[in-house]
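Visitor: Top line first, the protein sequences correspond to chains Z, L and H. Under full-length UniProt numbering, read the first sequence as residues 1 to 358, first letter to last. Under full-length UniProt numbering, read the second sequence as residues 1 to 358, first letter to last. Under full-length UniProt numbering, read the third sequence as residues 1 to 358, first letter to last.
There are no misleading hints in this set.
Since the list gives no way to pick out one identical chain from another, each pair is judged satisfied if it fits inside one copy or across any two copies.
Think about it this way: if two alpha-carbon atoms lie no more than 27 Å apart in a straight line, the pair counts; the simulated DSS-like pairs of lysine-lysine are: (1) K307 x K177; (2) K357 x K99; (3) K102 x K307.
Calculated directly from the structure, the hints in this document are not laboratory data.
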Amino acid sequence: MHNSNATNKSPRGNFFEDFHIGQVFHHATPRTISDGDSALYIALTGARQVIHSAQPVAHAMGYKNRTIDDLLAFHMALGKTVPDISINAIANLGYAQVKFVKPIYAGDTISSTSTVVGLKQNSDGKSGIVYVQCEALNQDHQVVISWVRWVMVRKNDTNAPTPETVLPTLDTVVQAKDLDIPHDVEYNGFDTSMTGSDFLWDDYNVGEEIAHPSGMTIDESDHTLATKLYQNPARLHFDASKSTYNKRLVFGGHVMSVCRALSYEGLENALSIAAINGGAHCNPTFGGDTIYAHSAVLDRFEIPGRKDVGALRLRLIGVKGAPLKSIAEASSNVDGKRSYNPNVVLDLDYTVLMPRKS
Amino acid sequence: MHNSNATNKSPRGNFFEDFHIGQVFHHATPRTISDGDSALYIALTGARQVIHSAQPVAHAMGYKNRTIDDLLAFHMALGKTVPDISINAIANLGYAQVKFVKPIYAGDTISSTSTVVGLKQNSDGKSGIVYVQCEALNQDHQVVISWVRWVMVRKNDTNAPTPETVLPTLDTVVQAKDLDIPHDVEYNGFDTSMTGSDFLWDDYNVGEEIAHPSGMTIDESDHTLATKLYQNPARLHFDASKSTYNKRLVFGGHVMSVCRALSYEGLENALSIAAINGGAHCNPTFGGDTIYAHSAVLDRFEIPGRKDVGALRLRLIGVKGAPLKSIAEASSNVDGKRSYNPNVVLDLDYTVLMPRKS
Amino acid sequence: MHNSNATNKSPRGNFFEDFHIGQVFHHATPRTISDGDSALYIALTGARQVIHSAQPVAHAMGYKNRTIDDLLAFHMALGKTVPDISINAIANLGYAQVKFVKPIYAGDTISSTSTVVGLKQNSDGKSGIVYVQCEALNQDHQVVISWVRWVMVRKNDTNAPTPETVLPTLDTVVQAKDLDIPHDVEYNGFDTSMTGSDFLWDDYNVGEEIAHPSGMTIDESDHTLATKLYQNPARLHFDASKSTYNKRLVFGGHVMSVCRALSYEGLENALSIAAINGGAHCNPTFGGDTIYAHSAVLDRFEIPGRKDVGALRLRLIGVKGAPLKSIAEASSNVDGKRSYNPNVVLDLDYTVLMPRKS
Numbered sequence: 001m002h003n004s005n006a007t008n009k010s011p012r013g014n015f016f017e018d019f020h021i022g023q024v025f026h027h028a029t030p031r032t033i034s035d036g037d038s039a040l041y042i043a044l045t046g047a048r049q050v051i052h053s054a055q056p057v058a059h060a061m062g063y064k065n066r067t068i069d070d071l072l073a074f075h076m077a078l079g080k081t082v083p084d085i086s087i088n089a090i091a092n093l094g095y096a097q098v099k100f101v102k103p104i105y106a107g108d109t110i111s112s113t114s115t116v117v118g119l120k121q122n123s124d125g126k127s128g129i130v131y132v133q134c135e136a137l138n139q140d141h142q143v144v145i146s147w148v149r150w151v152m153v154r155k156n157d158t159n160a161p162t163p164e165t166v167l168p169t170l171d172t173v174v175q176a177k178d179l180d181i182p183h184d185v186e187y188n189g190f191d192t193s194m195t196g197s198d199f200l201w202d203d204y205n206v207g208e209e210i211a212h213p214s215g216m217t218i219d220e221s222d223h224t225l226a227t228k229l230y231q232n233p234a235r236l237h238f239d240a241s242k243s244t245y246n247k248r249l250v251f252g253g254h255v256m257s258v259c260r261a262l263s264y265e266g267l268e269n270a271l272s273i274a275a276i277n278g279g280a281h282c283n284p285t286f287g288g289d290t291i292y293a294h295s296a297v298l299d300r301f302e303i304p305g306r307k308d309v310g311a312l313r314l315r316l317i318g319v320k321g322a323p324l325k326s327i328a329e330a331s332s333n334v335d336g337k338r339s340y341n342p343n344v345v346l347d348l349d350y351t352v353l354m355p356r357k358s
Numbered sequence: 001m002h003n004s005n006a007t008n009k010s011p012r013g014n015f016f017e018d019f020h021i022g023q024v025f026h027h028a029t030p031r032t033i034s035d036g037d038s039a040l041y042i043a044l045t046g047a048r049q050v051i052h053s054a055q056p057v058a059h060a061m062g063y064k065n066r067t068i069d070d071l072l073a074f075h076m077a078l079g080k081t082v083p084d085i086s087i088n089a090i091a092n093l094g095y096a097q098v099k100f101v102k103p104i105y106a107g108d109t110i111s112s113t114s115t116v117v118g119l120k121q122n123s124d125g126k127s128g129i130v131y132v133q134c135e136a137l138n139q140d141h142q143v144v145i146s147w148v149r150w151v152m153v154r155k156n157d158t159n160a161p162t163p164e165t166v167l168p169t170l171d172t173v174v175q176a177k178d179l180d181i182p183h184d185v186e187y188n189g190f191d192t193s194m195t196g197s198d199f200l201w202d203d204y205n206v207g208e209e210i211a212h213p214s215g216m217t218i219d220e221s222d223h224t225l226a227t228k229l230y231q232n233p234a235r236l237h238f239d240a241s242k243s244t245y246n247k248r249l250v251f252g253g254h255v256m257s258v259c260r261a262l263s264y265e266g267l268e269n270a271l272s273i274a275a276i277n278g279g280a281h282c283n284p285t286f287g288g289d290t291i292y293a294h295s296a297v298l299d300r301f302e303i304p305g306r307k308d309v310g311a312l313r314l315r316l317i318g319v320k321g322a323p324l325k326s327i328a329e330a331s332s333n334v335d336g337k338r339s340y341n342p343n344v345v346l347d348l349d350y351t352v353l354m355p356r357k358s
Numbered sequence: 001m002h003n004s005n006a007t008n009k010s011p012r013g014n015f016f017e018d019f020h021i022g023q024v025f026h027h028a029t030p031r032t033i034s035d036g037d038s039a040l041y042i043a044l045t046g047a048r049q050v051i052h053s054a055q056p057v058a059h060a061m062g063y064k065n066r067t068i069d070d071l072l073a074f075h076m077a078l079g080k081t082v083p084d085i086s087i088n089a090i091a092n093l094g095y096a097q098v099k100f101v102k103p104i105y106a107g108d109t110i111s112s113t114s115t116v117v118g119l120k121q122n123s124d125g126k127s128g129i130v131y132v133q134c135e136a137l138n139q140d141h142q143v144v145i146s147w148v149r150w151v152m153v154r155k156n157d158t159n160a161p162t163p164e165t166v167l168p169t170l171d172t173v174v175q176a177k178d179l180d181i182p183h184d185v186e187y188n189g190f191d192t193s194m195t196g197s198d199f200l201w202d203d204y205n206v207g208e209e210i211a212h213p214s215g216m217t218i219d220e221s222d223h224t225l226a227t228k229l230y231q232n233p234a235r236l237h238f239d240a241s242k243s244t245y246n247k248r249l250v251f252g253g254h255v256m257s258v259c260r261a262l263s264y265e266g267l268e269n270a271l272s273i274a275a276i277n278g279g280a281h282c283n284p285t286f287g288g289d290t291i292y293a294h295s296a297v298l299d300r301f302e303i304p305g306r307k308d309v310g311a312l313r314l315r316l317i318g319v320k321g322a323p324l325k326s327i328a329e330a331s332s333n334v335d336g337k338r339s340y341n342p343n344v345v346l347d348l349d350y351t352v353l354m355p356r357k358s
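Chain Z on its own, in the form it takes in the complex (with noise of 0.2 Å):
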């Protein structure tokens, strides 16, 4: 600084060395949800999932209200963390074990907390990665939403001690018997007609592929404004100087976002997501890529105790550019490793929940 009047009232967030296993950070900034941020979130996506978008149908169903779009209030969630846990971040490495565990509604405020629970520095002493345990939290202090992310941070000061590794064990996927299914909503009878579509969980087969038709160009004033919306910080998606590819880089979640609406064409009754078991944001997209998706069955079970509705375990690709023939030409295995398509921007499996044919 050549300044001497400057001082170190600007957060400089937190470095490797700053991060110790069982550590709790209760993020800052809660936000009330509105129907204002439901009303961007479809503008933004185009959205047109029916128990977000429909009081009537989520109320009968025995919803007190229409819900927030999941990933609407996931993308929340996260924000909240960046500025403790990944202002300097040099990747987002991957998430697991996401549980959306009980609906959001408009006027509800969520806050998030983290909890370090795995630390592992790199072999060059330069960074490392920290897991946390994230849960958010609404306004009666009741988690709504829990997950792992782990990024790799920057040590500021390589002379810093190395921790000793501490790795989580952490589920490939969220097990049927983890989902949260809220108990007094009922899929009996659900009429499809308020979605388009009469396939239901029966009708899906494990390894069956749906090609979405629709595409979308993702513009610049687009991502940024939902990045915003958000109130997602990290600074690589405002101002291309602080992005190593010397443009705005899409933030990951909005690709989600796109992609799970794009997929609403073939997918119209998965009304809501149970669980993220993984998800990979493989290349990076960046304004004016259009983007196509593409899913897959992974795995149809059934919910223990319920017979009105299913769960149907999904992987969903984002490829900008032109939509996928197949899900074979999203990756290959190389040396025993997955080799992306350079056009896949997303790689997620995610479980969603389906009435089944009474």
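The hints should help you fit chains L and H onto chain Z, whose structure is shown.
Guide: Chains L and H in isolation, oriented as in the chain Z frame:
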């Protein structure tokens, strides 16, 4: 399809041979309209119409609350019909008899139905014209908007039999007796300081023109956000590769909204739209175009039984690039047919309600 | 006009000769502010100020609800004055004595009035300066914001008589005794984990600078959506042909909002704006510019009768292209006049409220 796992879950929409006279569609994904939608509509169009903007003004007139902008509701209602009616359309040919039947408020949930009322196969046997009578219903199953629309739709199977030609009888103008004026709304004593203009129904003369002084550039994010807000999934608005222009086409309804907002300056007391008699999207609008509006008074008529409010039938021309000097520049008659100036993007014939002098 | 049917219904606005001392304007189109406006404002600016974001935090302090962002309300209130005061303005010269008098909540309806308090014709006889004292009122006719603004306006008839010069007496700084602090709002025990920073009023020193670390590119859709949201119809923001730069000019108020949002990082506990003492839009901002913010503490003063909250008078510099190293780079004194760095787009002198240590 190269992919043997691909299934037919993706909706294919309907082709010309799939329609038959009397067929009824209950369109998917009802939409609860919120104050958030209104906020975004104002941001997307610059609309300042007072009964949509100001709760106390609307309430003092007898409305339950400020009302949802007529065109916002219309676009949402129309958007719902796209997946069943026009996802395979070659062209949107026109609409008629658009009637705004009941006020719509934040919290109302809109769904749409269409009934096939006309069919005419084109002489080449590859496509045909489908006429639908549509209704938007609120959560109490009351009709809030009704309209007729006709589109040209491809045949998928050109060997499918040619249907008998049926053409509906359409009114060129919605008559005064068919306009729905809310009984409990009172225009007497309307305070023109709320709108900024003293000109009332009595002051407008048939043949009079208004050159609205403002222009507005429509950027790519503007029109795509708007069209997604309306949940209109027609692909050519979002994906240049789906547009014959190789550019994303601006949804014509959004052009209508922008022109209506621009026409505020000179029609400040045109409080609401009672009907759209007809309209043409004469030339395409693309992101980056700057739009200007020009109005002419086609007719001025009394509302049966009302001395406090009258109707003006207006022609609203939208033009790109530079404003019109006179409405005569918009089109000319060539061999008895209207030929449009290539910069004219909208020619709308609609009817507004305006307070009368007391 | 070539068109004999054209009429004078389009508003021409007021020219310099139309204003006289003591003249009062009741500006058109009141606006009901909603949660939707707040959602969009967050998306447009990235604002994270906690009392606008989180209902429970605001409520616990004694506010009725989370409050509408001070600048959002100010821009809406100012936007209403444009058609009468500044639609024919050559330049917006300044504002002073901006006081945020009462909190504004979703559901409140704002309207604006202006009283002409100063007039000075320019020596060339072609234009003059108009000073207006303005008030924004809520639906209960309570003043919620007040300000003085002055603009240079063209004469339409250069032969119109020269008015007597009247210059209002303006305070350079809104004094502590004139700041309005809600009586029933209590800052004691404010939980700084809600904002992410422990720095309170006591920690800031006069002369201290804060280099806010984030930057934000403003795209064309961003600023035009914002300016339409504010219902500010000044044409040079929407139509390049109406701008002397031949490019759409970003509304200066929106630049202010972006800088205020960027200044969150380092001023997290500057909970609300109590006053704007003065401000200059030093250079134009255009779509595509990347904006950075730099703050300096001009003064720190107690609020009479309050030990829980204090005031900081801040200088907020907005700069395009690259951040400032020091506020000394913003401007220099040339022949006794402030000369701005050509990249500086905003120089704002304002006063915030911040909790004190207990």
